[in-house]
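Participant: The primary structure of each chain is shown beneath.
Protein chains: 4
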Amino acid sequence: MNAIGIVARPDLADAAGLLRQLAEWLRSRGIEVWLEEKTAALADGALPSGCRRASGLEVGAAVDALVVLGGDGTLLRASRLLKKPAPVLGVNFGALGFLTEITLPELYRTLTGLLEGTYRSEDRRLLRAVLRRGAEERAAAEVLNDVVVAKAALARIIEVDVSVDGVFVSSFRADGLIVSSPTGSTAYNLAAGGPIVHPALSAMVLTPISPHMLTHRPLVIGDAAEVEVRLRRAREGDVHVSFDGQGGVPMLGDDRVTVTRSERILRLVKAPGRDYFEVLRTKLKWGER
Amino acid sequence: MNAIGIVARPDLADAAGLLRQLAEWLRSRGIEVWLEEKTAALADGALPSGCRRASGLEVGAAVDALVVLGGDGTLLRASRLLKKPAPVLGVNFGALGFLTEITLPELYRTLTGLLEGTYRSEDRRLLRAVLRRGAEERAAAEVLNDVVVAKAALARIIEVDVSVDGVFVSSFRADGLIVSSPTGSTAYNLAAGGPIVHPALSAMVLTPISPHMLTHRPLVIGDAAEVEVRLRRAREGDVHVSFDGQGGVPMLGDDRVTVTRSERILRLVKAPGRDYFEVLRTKLKWGER
Amino acid sequence: MNAIGIVARPDLADAAGLLRQLAEWLRSRGIEVWLEEKTAALADGALPSGCRRASGLEVGAAVDALVVLGGDGTLLRASRLLKKPAPVLGVNFGALGFLTEITLPELYRTLTGLLEGTYRSEDRRLLRAVLRRGAEERAAAEVLNDVVVAKAALARIIEVDVSVDGVFVSSFRADGLIVSSPTGSTAYNLAAGGPIVHPALSAMVLTPISPHMLTHRPLVIGDAAEVEVRLRRAREGDVHVSFDGQGGVPMLGDDRVTVTRSERILRLVKAPGRDYFEVLRTKLKWGER
Amino acid sequence: MNAIGIVARPDLADAAGLLRQLAEWLRSRGIEVWLEEKTAALADGALPSGCRRASGLEVGAAVDALVVLGGDGTLLRASRLLKKPAPVLGVNFGALGFLTEITLPELYRTLTGLLEGTYRSEDRRLLRAVLRRGAEERAAAEVLNDVVVAKAALARIIEVDVSVDGVFVSSFRADGLIVSSPTGSTAYNLAAGGPIVHPALSAMVLTPISPHMLTHRPLVIGDAAEVEVRLRRAREGDVHVSFDGQGGVPMLGDDRVTVTRSERILRLVKAPGRDYFEVLRTKLKWGER
Numbered sequence: 001m002n003a004i005g006i007v008a009r010p011d012l013a014d015a016a017g018l019l020r021q022l023a024e025w026l027r028s029r030g031i032e033v034w035l036e037e038k039t040a041a042l043a044d045g046a047l048p049s050g051c052r053r054a055s056g057l058e059v060g061a062a063v064d065a066l067v068v069l070g071g072d073g074t075l076l077r078a079s080r081l082l083k084k085p086a087p088v089l090g091v092n093f094g095a096l097g098f099l100t101e102i103t104l105p106e107l108y109r110t111l112t113g114l115l116e117g118t119y120r121s122e123d124r125r126l127l128r129a130v131l132r133r134g135a136e137e138r139a140a141a142e143v144l145n146d147v148v149v150a151k152a153a154l155a156r157i158i159e160v161d162v163s164v165d166g167v168f169v170s171s172f173r174a175d176g177l178i179v180s181s182p183t184g185s186t187a188y189n190l191a192a193g194g195p196i197v198h199p200a201l202s203a204m205v206l207t208p209i210s211p212h213m214l215t216h217r218p219l220v221i222g223d224a225a226e227v228e229v230r231l232r233r234a235r236e237g238d239v240h241v242s243f244d245g246q247g248g249v250p251m252l253g254d255d256r257v258t259v260t261r262s263e264r265i266l267r268l269v270k271a272p273g274r275d276y277f278e279v280l281r282t283k284l285k286w287g288e289r
Numbered sequence: 001m002n003a004i005g006i007v008a009r010p011d012l013a014d015a016a017g018l019l020r021q022l023a024e025w026l027r028s029r030g031i032e033v034w035l036e037e038k039t040a041a042l043a044d045g046a047l048p049s050g051c052r053r054a055s056g057l058e059v060g061a062a063v064d065a066l067v068v069l070g071g072d073g074t075l076l077r078a079s080r081l082l083k084k085p086a087p088v089l090g091v092n093f094g095a096l097g098f099l100t101e102i103t104l105p106e107l108y109r110t111l112t113g114l115l116e117g118t119y120r121s122e123d124r125r126l127l128r129a130v131l132r133r134g135a136e137e138r139a140a141a142e143v144l145n146d147v148v149v150a151k152a153a154l155a156r157i158i159e160v161d162v163s164v165d166g167v168f169v170s171s172f173r174a175d176g177l178i179v180s181s182p183t184g185s186t187a188y189n190l191a192a193g194g195p196i197v198h199p200a201l202s203a204m205v206l207t208p209i210s211p212h213m214l215t216h217r218p219l220v221i222g223d224a225a226e227v228e229v230r231l232r233r234a235r236e237g238d239v240h241v242s243f244d245g246q247g248g249v250p251m252l253g254d255d256r257v258t259v260t261r262s263e264r265i266l267r268l269v270k271a272p273g274r275d276y277f278e279v280l281r282t283k284l285k286w287g288e289r
Numbered sequence: 001m002n003a004i005g006i007v008a009r010p011d012l013a014d015a016a017g018l019l020r021q022l023a024e025w026l027r028s029r030g031i032e033v034w035l036e037e038k039t040a041a042l043a044d045g046a047l048p049s050g051c052r053r054a055s056g057l058e059v060g061a062a063v064d065a066l067v068v069l070g071g072d073g074t075l076l077r078a079s080r081l082l083k084k085p086a087p088v089l090g091v092n093f094g095a096l097g098f099l100t101e102i103t104l105p106e107l108y109r110t111l112t113g114l115l116e117g118t119y120r121s122e123d124r125r126l127l128r129a130v131l132r133r134g135a136e137e138r139a140a141a142e143v144l145n146d147v148v149v150a151k152a153a154l155a156r157i158i159e160v161d162v163s164v165d166g167v168f169v170s171s172f173r174a175d176g177l178i179v180s181s182p183t184g185s186t187a188y189n190l191a192a193g194g195p196i197v198h199p200a201l202s203a204m205v206l207t208p209i210s211p212h213m214l215t216h217r218p219l220v221i222g223d224a225a226e227v228e229v230r231l232r233r234a235r236e237g238d239v240h241v242s243f244d245g246q247g248g249v250p251m252l253g254d255d256r257v258t259v260t261r262s263e264r265i266l267r268l269v270k271a272p273g274r275d276y277f278e279v280l281r282t283k284l285k286w287g288e289r
Numbered sequence: 001m002n003a004i005g006i007v008a009r010p011d012l013a014d015a016a017g018l019l020r021q022l023a024e025w026l027r028s029r030g031i032e033v034w035l036e037e038k039t040a041a042l043a044d045g046a047l048p049s050g051c052r053r054a055s056g057l058e059v060g061a062a063v064d065a066l067v068v069l070g071g072d073g074t075l076l077r078a079s080r081l082l083k084k085p086a087p088v089l090g091v092n093f094g095a096l097g098f099l100t101e102i103t104l105p106e107l108y109r110t111l112t113g114l115l116e117g118t119y120r121s122e123d124r125r126l127l128r129a130v131l132r133r134g135a136e137e138r139a140a141a142e143v144l145n146d147v148v149v150a151k152a153a154l155a156r157i158i159e160v161d162v163s164v165d166g167v168f169v170s171s172f173r174a175d176g177l178i179v180s181s182p183t184g185s186t187a188y189n190l191a192a193g194g195p196i197v198h199p200a201l202s203a204m205v206l207t208p209i210s211p212h213m214l215t216h217r218p219l220v221i222g223d224a225a226e227v228e229v230r231l232r233r234a235r236e237g238d239v240h241v242s243f244d245g246q247g248g249v250p251m252l253g254d255d256r257v258t259v260t261r262s263e264r265i266l267r268l269v270k271a272p273g274r275d276y277f278e279v280l281r282t283k284l285k286w287g288e289r
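Each protein sequence line maps, in turn, to chains R, E, C and G. With my numbering applied, the first sequence covers 1 to 289. With my numbering applied, the second sequence covers 1 to 289. With my numbering applied, the third sequence covers 1 to 289. With my numbering applied, the fourth sequence covers 1 to 289.
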C-alpha cells in the first residue's frame, strides 16, 4: 500500500480541516497521497507537502486504494476511476450510505486496518451493459447498481421482450425494466418492489417498473447469464436506457441492450465490526434487537 | 332520446358493415344519427340517408347519447366531446374494457334498453386538475382516470409536497405521483400498486410511483377535498403533469397542481345483467365461482 | 361535562403519581371522576376524595368523556365500555399511537379544551360483524379496526366467496381476508398490503392476505354496503373469524360473516394543533418537510 | 434404466386405461415396472403381467426413475420416496403444474428420451430444516419448497430473530416467515410478495408474511448459508413450523429452526422443447409474444 487517493463530494462543506488532517495522517505514515483536482480545491491550498493533485483518471491509475468522502453517489462516481480492484473506503457525511458505511469516528481505525492489511472487505461485482442497433455497438457501460430501460415522461408505456441466454422470458408492458446487481438491489430496485439480494450472491434481478400485467414479478437469476432487453416498438424520444442512473441514451425500435456479469469488481472496505445486515437495518430503519 | 352519436376508433378494421347496420337500426327507430367525420369515413360512404357527419365537438353538442366503438382509450376521448351527462354506451372490439364493457352480441339489446329508458348505468365522476405558476393558470383539465405528475426519462426522481385541504400530508421522492378517480383506480394506479376503488365511492387515490420511502403507501381520501401537489425542486424538462395519459405539460420549481372533484360525470351504460364486479373478474382474470 | 372516566393499561408502571394528579386536576374543576377498578389499583389508594371506583361497564355508562392512558390496544378496549359517543382522549405512553396520539405534556391543555368545549375531535365509525350458521346468529361484534377471517396455522389456505350487497365479487384463496374500517386501515390491513384510508371517508377495505391469485388487490367500497364472506369449504379447526384481533370464533363450511356499518362511533379527541397526517408521518416515519 | 416407478394421485379418475397402457409401454421395452399400492388399485387389476406392487418406500428404493401422474402436490409427496437423485417425470392432469409440466400427449415422447438417455432435466436442490429446543432435535425435514414459521389463527403475530451464518439479520414481527428454495419461490413465497428465483440459482429466499415493519422486504441469500429463525416469545399453541406445507410442529419460546442446503436434489425431467420460462408464462398467465 504505497499510494492512496482521496476523492470528496465537490460541494462538501467545511472539508478543508478534515482533508488536511487526513492527508497529514497518511503522509506521516509514508503514504503517497493523490487528490482529485476538485477535492484538492476544497482543501484551500492547506495540504501538506508532497500531496499530488491530478485528474480523477490519473488518481485512479496511480493509487492502491481510494478514500471517498461523501455519499453513495460520490463513491459510485469515484469507483469508476479505478483501473484495478483497489480497496475503496467510503466515509459518509450525514446519513449512512449503503456503500459509504464508514463514519468519521471510524475513519482512522479503518485506515489503520487498511495499511496493516488486516481490514475486511466485500467484493461487489459490476454488470456490463451494451446497447446495440443491428451490429453497431452504440453505447457500453460497467455499472455497479443497475441498467434501466424506461419510458420518457410523455410516453405512456414501454414494451420490451426479455430473454435470458437466448431463451424468451416474457414481454413486459411497463414504465420500465430494471436489471440490477445485488448491490443495486437496495437502490431503485427496492423502490420498484424488488427484493434485497445479498451482495455475495452471483445474481441479477429483473424488476419491471409498474407493470401492466399484475402477475409480473421481480425475477432473480444467476449472473453468468446474458440478459437481453429488446424494444418491441418505440418512437423517437420514447425510451431511454440509463446506466447507474447516469444520463440516458435514447433507444429506438429493434434496439437491444444486453447485460452480463462484468470482469470488474468494487472492493468495499468494511468498518471494523460492521456487517452487511447492520447497514441494512440502519438504512431501512428496521430497529434493533 | 332523439339524437345519438357514433364515434369509432379511427383504425377500426372492417367497421363499414357494422356502422351501416347500426345507423340503419337507429334510423329505422326514428333516431337522428350523428357520426364523427373520421367514423363516417370508416363507413365508406355506405351510410343510410339522413345520417349527419360532423366534427367531434358538434356531435358532442347535438346528441342525447353516444355509442362508442373501440376500446377504453376511444371512450375516454369520445366522452370528452359531450357537453352534458348523456349516456355513453361503450362497445368493445377484441378484449373487454373497464369502460367498454358491452360486447357486439349485446349491442342491440342494450340499445333497446337505452331507447326505452330501461337501461342501467353507472355514473363516474371526473376530477378537475389545474396547473398554476404563481397566480397564473397554465393548464386545466377534466379527467376521468387520473392526473399524473412524473419525472422525465432523464430525471432521477421527483420531489413533491402534497397537501389535502391545505394540510400537509407528506413529501414524496418518487418516480411520480398519481391522483386517481375510482374509475382510474383500475388503470395506471393498479400498475403502481394502488387499490381498486369502487366507482360509487366519492373518493380519490393518491399513489406514489416507486417511492424511495418504503413506508409510503397509497392513500384514499374523500373527493370533496382539494389535493395540492407542489414541486420542491425541478429543472427544465425534469417533471411533467399529464391528464388521462394525454400529452404532458412541463412543470418547473414551485409550480403546483390542484385536483378537486369535477362537476362533470360520465354516465356509463351497462349491459343488461352485467355488474361492476363481473367486469373486474374478467379483466383481472380472477376466475369464476 | 360532569363526569369523566379514567382507564389505564393495567401494567402501566409508575402511574400512581399521574393518576392522583390527573384526578385532583379534574376534581378541582368540579368534575366527577370515575376510575375502572384496575386503574384505581394502580393509584395505590392515593386518590383524592370523591373519586368513584367501578367496573369498566359502570364507568362506561356513567361518564361524559373518557381519558385513556396506555396504547392503542387499551383505547380499543376502553372505548367498548362506552354506551354513547362520548369523547375519548387517548394519552400514549412510550410511542405515539394511531389512536392514542396525545402526549403527556399535551394532556392538561387538551383536557382544558375538552372541559371548555373548544376541543377538536375525529369521529371514527365502527363496523358491525355478525357470524351466522344458517339462520342462527353465532357471534356478533362492533369493531373499530377490522374483522378478519383467517386460516388456522395448520390449514394451508382458506377459500371464501365474497359478495357486496348480494352481488358476487370474487372467490379468494388466501391466508385470510380482512374487512377493515378506515381506522383499521393503518393496522393489520397495512401489513397485508392494503391502502391507507382517511378516517373521514365512509368506506370499508377488503384486503386478501397472501392471495394465491396474484391479480387480487385490496378493494375499497362504500360503508353503506353489506359485505358477506362465505366459506367455501372448511374442516373443523381450519378457519377462524376474529374481531379487532380479539379471540377468534371457529367457522365451519357454509358459515358466513356479514359486515356492515355500525351505528356506533368513537369520538377521538385531538391534541391542539395535531392533524391526522402528522400522526401518519410520525407513525410511518415519513420524515418531515 | 432398468426399473421405473409409477405413482398417481390416489383420487385420479379414469386412470385405469392410462395406467395399463403406460405399464404395457414400459414392459414392452423391457423395463421393470413398480407401482405404489394405491396407484395399482386405480388400475382395477388390469395391469400387465410382471408389474410389481409395493409400498411407496419400496418403490422409491427400487426404481431408476419415477413417473408421477397428478399435480405438484403428488409430485412433492412422491419425490420424497426416492433414495437417490433419480429422474422424476411429472405428468399433469388438468392444469399445468410448476413441477408437473408434462402433458399427456407429451408423455411417451418424453419417456422415450428418458429411456434413450437423451432427455433434458432440471436439478432442484432441497433445503434441510431442523427444529431444536436447546440441544434436543425435535423435528427435521428435507423440503423442496419451503419451511414456514407461522402464527396460529388465534395468535396475533409472531416475533422471531433471524440470523444468517450466526450474523443477526433482523427481528420480524409478522404473521410468519417463509424460508423458500428457488423451487418454492413460485409457491407460497409468491403469494406473500416474494420474488421469482430461477431454480439454477444456489439461493434461498427469506420472505416475511404481512410484516408490521413496512420496510421489511424479501431477502435473497446464497444457499451455502445457515439460516436460523429463533422465537422471541411464544405461548403454547401460538406458533408452528411446517415443512412443504405439511403438518405443523408447535414451537415454544427459545425454540429455533435452522435451514441449510440439503444434500438431496430432485431431478425433474423436462418435456422436449419446453423451458422454465414457458412454464412460468403459462402458470402466471403472462401471455405470449
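Among the clues, some could well be false.
The list cannot tell twin chains apart, which means a pair is met if one copy fits it or any two copies do.
Here are the simulated SDA-like pairs of lysine to any residue, each with C-alpha atoms no more than 20 Å apart in a straight line [said to hold, decoys possible]:
#1 LYS84 - ALA155
#2 LYS38 - THR282
#3 LYS270 - THR215
#4 LYS285 - ALA95
#5 LYS270 - ASP165
#6 LYS285 - LEU96
#7 LYS83 - LEU104
#8 LYS283 - SER171
#9 LYS83 - GLU159
To be clear, the hints were calculated from the coordinates, so they are not data collected in a lab.
Participant: Take the hints in turn and mark each one as holding or not.
Facilitator: Hint by hint, here is what the structure shows:
1. LYS84 - ALA155: neither (40 Å within a copy, 31 Å between copies)
2. LYS38 - THR282: neither (31 Å within a copy, 40 Å between copies)
3. LYS270 - THR215: neither (39 Å within a copy, 24 Å between copies)
4. LYS285 - ALA95: both (12 Å within a copy, 15 Å between copies)
5. LYS270 - ASP165: Answer is between; shortest inter-copy Cα gap is 18 Å, intra-copy 35 Å.
6. LYS285 - LEU96: Answer is both: 11 Å inside a copy and 17 Å across each meet the 20 Å cutoff.
7. LYS83 - LEU104: neither (27 Å within a copy, 57 Å between copies)
8. LYS283 - SER171: between (34 Å within a copy, 15 Å between copies)
9. LYS83 - GLU159: neither (37 Å within a copy, 36 Å between copies)
When each numbered hint is compared with the structure, violations occur for hints 1, 2, 3, 7, 9.
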